[in-house]
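Engineer: So the sequence shown is numbered by this note's numbering: it starts at 138 and just counts up by one.
Read the hints as simulated data drawn from the structure, not as lab findings. Treat the numbers as computed from the prediction; the structure is a model and nothing was measured. Incorrect hints may have been included.
DSBU-like mimics (lysine-lysine), calculated; alpha carbons at most 30 Å apart, straight line [claimed, not checked]:
#, residue 1, residue 2
1, K264, K158
2, K247, K140
3, K288, K346
4, K362, K158
5, K264, K207
6, K264, K302
7, K304, K264
8, K315, K288
9, K375, K362
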Amino acid sequence: NDKFGFGAGFVYCTGSATVRKAAQAINDDVNVTLEGKGSGYGFNLGVFVKPMEKLGIGLSYRSGVKVDLKDGDATLTGIPSSLTSQLPATAKFTSNLNLPDVISFGASYKVTAKLLVSAGYDFTGWKSYDSLNFIFPDNATLDSRNERNYKSTGAIRLGAQYTLKEKIDLRIGLSTDKSPVQDGYLSPELPDADKSALSIGGSYKISDKLSVDLSYVYESLKERKGEYTASQFSGTYKTVINAVGFGINYSF
């Protein structure tokens, strides 16, 4: 009805990955390239309540997704002749990645007929990402186990939408997001840090049922110096992200 809404969705996630590593063997480096594809399933749930004419409140849950990678291909090059009997040139491996679940809470308030402001909080269960392992069923000596031990974190988001004309809405947003990577686990594979972001965008209503969206996000991660203790690899990292989005919406 006008004051309550409920939504549910199914998620099918698929992806591919390439990982390259090198390990010293005798006096030379053995280079390993890992390539594979994986998929997983999940779901979304959400509720929306409008207790007042100008106030809207929403709560959503996005489940975690376990992405299983099977029959990945590993290629080894630079194997010393003395180790050819122990290290194969090619091998099969398996792996998995536990994508986190997310709980989101948000509220919006219509300040005027043209201005809408919003605030939200996301809690991401990054604790599920405790390790990244590559397992070789036919050759356990090649197994690679890497601890990650992420911690669950939260993000705060603020936004505003202004109706410039009947068919044009403009938007701006700010957010801060804590890094799930703990000290001692900072690696060049995922050099994460606390981040802040600015977003701008808008919508154009082509008709009563059809509209298009365009957005731009600038995200800056704080410079961070740290070490991945297990391999005694340290470094200083600084990341900047620019993202452009385009969407089409149709209401039945």
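Engineer: Does K288 sit within 30 Å of K315, going by the straight-line distance between their CA atoms?
Structural biologist: holds, 10 Å
Engineer: Does K264 lie within 30 Å of K304 when you go C-alpha to C-alpha?
Structural biologist: Violated - the C-alpha atoms of K264 and K304 are around 43 Å apart, more than 30 Å.
Engineer: Take a quick look at whether K264 and K302 sit within 30 Å of each other, Cα to Cα.
Structural biologist: violated, 45 Å
Engineer: Tell me if the straight-line CA distance from K362 to K158 falls inside 30 Å.
Structural biologist: holds, 22 Å
Engineer: Does the alpha-carbon distance linking K264 and K207 stay inside the 30 Å limit?
Structural biologist: holds, 23 Å
Engineer: Does K158 sit within 30 Å of K264, going by the straight-line distance between their CA atoms?
Structural biologist: holds, 25 Å
Engineer: Is the Cα-Cα distance between K247 and K140 30 Å or less?
Structural biologist: holds, 15 Å
Engineer: Given the hint that K288 pairs with K346, does the C-alpha gap stay at or below 30 Å?
Structural biologist: Distance of about 42 Å is beyond 30 Å: violated.
Engineer: Compare the distance between the alpha carbons of K375 and K362 with 30 Å, and conclude whether the hinted pair is satisfied.
Structural biologist: Roughly 9 Å between the alpha carbons, so the hint for K375 and K362 holds.
Comparing the model with each numbered hint stated earlier shows that hints 3, 6, 7 do not hold.
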